[in-house]
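Based on the sequences and whatever the hints tell you, model everything.
Quick note on the working numbering: the sequence shown kicks off at 1 and runs consecutively.
Think of the hints as simulated: they come from the structure by calculation, not from any bench. Hints are not guaranteed to be accurate.
[Said to hold, decoys possible] Here are the simulated lysine-lysine pairs, BS3-like style, with alpha carbons at most 25 Å apart:
| hint | residue 1 | residue 2 |
| --- | --- | --- |
| 1 | 10 | 30 |
| 2 | 94 | 138 |
| 3 | 206 | 30 |
| 4 | 5 | 94 |
| 5 | 206 | 138 |
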Amino acid sequence: MMFPKYPKYKPSSTEWLGEIPEHWEVIRVKSLEGNKASVVQTGPFGAQLHAHDYVDEGVPLILIRNVGDMRIDDTDIPMISQEDAERLSMYRLKAGDIVFSRVGSIGRIALCSDREHGWLISGQMLRLRITNPRLYHKFAVYAFGCSSILTFVELQSVGSTRESVNTDILRNMPLPIPPEDEQRAITAFLDRETARIDALIEKIRKSIDLLREYRMTLITAAVTGKIDVRLAAPENTAQAGEEVA
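What follows is the structure, encoded as structure tokens:
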């Protein structure tokens, strides 16, 4: 589908970003910081928390495996005790925070909802807490998760054997900023369009599952003598798929 372009563009002064609409800005993430705290917070270091500190019931601790498709998945999420959670309270999340993976699968990102308020990030994650009204947090999630910015992060990541992202990389990252009303319009558009695409992906996935099931059933029936294929006419894959559907 073709979408209209903006009437005028200007150089962004950032090579990987290219041109941006004339009325947009490019800022560095650190310019959104107030006087009290950094926008970006690294999770607790290994010496502060170990796997043997996990408990059966307690406060959820977000690992890389719990972040994907801009969502937090609580499947197989570890828990830590209330006492450890209090000790590590500077790593607690608030609704509206953004979590960003900093090692391994760099760039997994998600927006924290009311459900995740009070949960903690692990040392594998970074927390972005944006309170500056210049940047709408839902727009920020889409921006931080776009391919251009992820490429920038990967190029800047440090570590010879295992790439990692530190707070300085994210704080110094250039970010395209439209006016606030436009950020909200872009967010609403992307919410709608990505939901439609996700629904199509799920429909295709179900069709693939049905075709795989049909394939196994067909093989089993043929090799166990349940069907006589000696006079069967050749049939193309598309026709077979239509029969399954």
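>> residue 10 and residue 30 were given as a pair; does the straight-line alpha-carbon distance stay at or below 25 Å?
In response: holds (23 Å)
> Given the hinted pair residue 206 and residue 138, is their alpha-carbon gap at most 25 Å?
Replying inline: Roughly 30 Å between the alpha carbons, so the hint for residue 206 and residue 138 is violated.
> Within 25 Å, alpha carbon to alpha carbon, are residue 5 and residue 94?
Replying inline: violated (36 Å)
>> residue 94 and residue 138 were given as a pair; does the straight-line alpha-carbon distance stay at or below 25 Å?
In response: holds (14 Å)
> Within 25 Å, alpha carbon to alpha carbon, are residue 206 and residue 30?
Replying inline: Judged against 25 Å, a Cα distance of about 44 Å means the pair is violated.
In terms of the numbered hints stated before, the structure departs from hints 3, 4 and 5, listed from lowest to highest.
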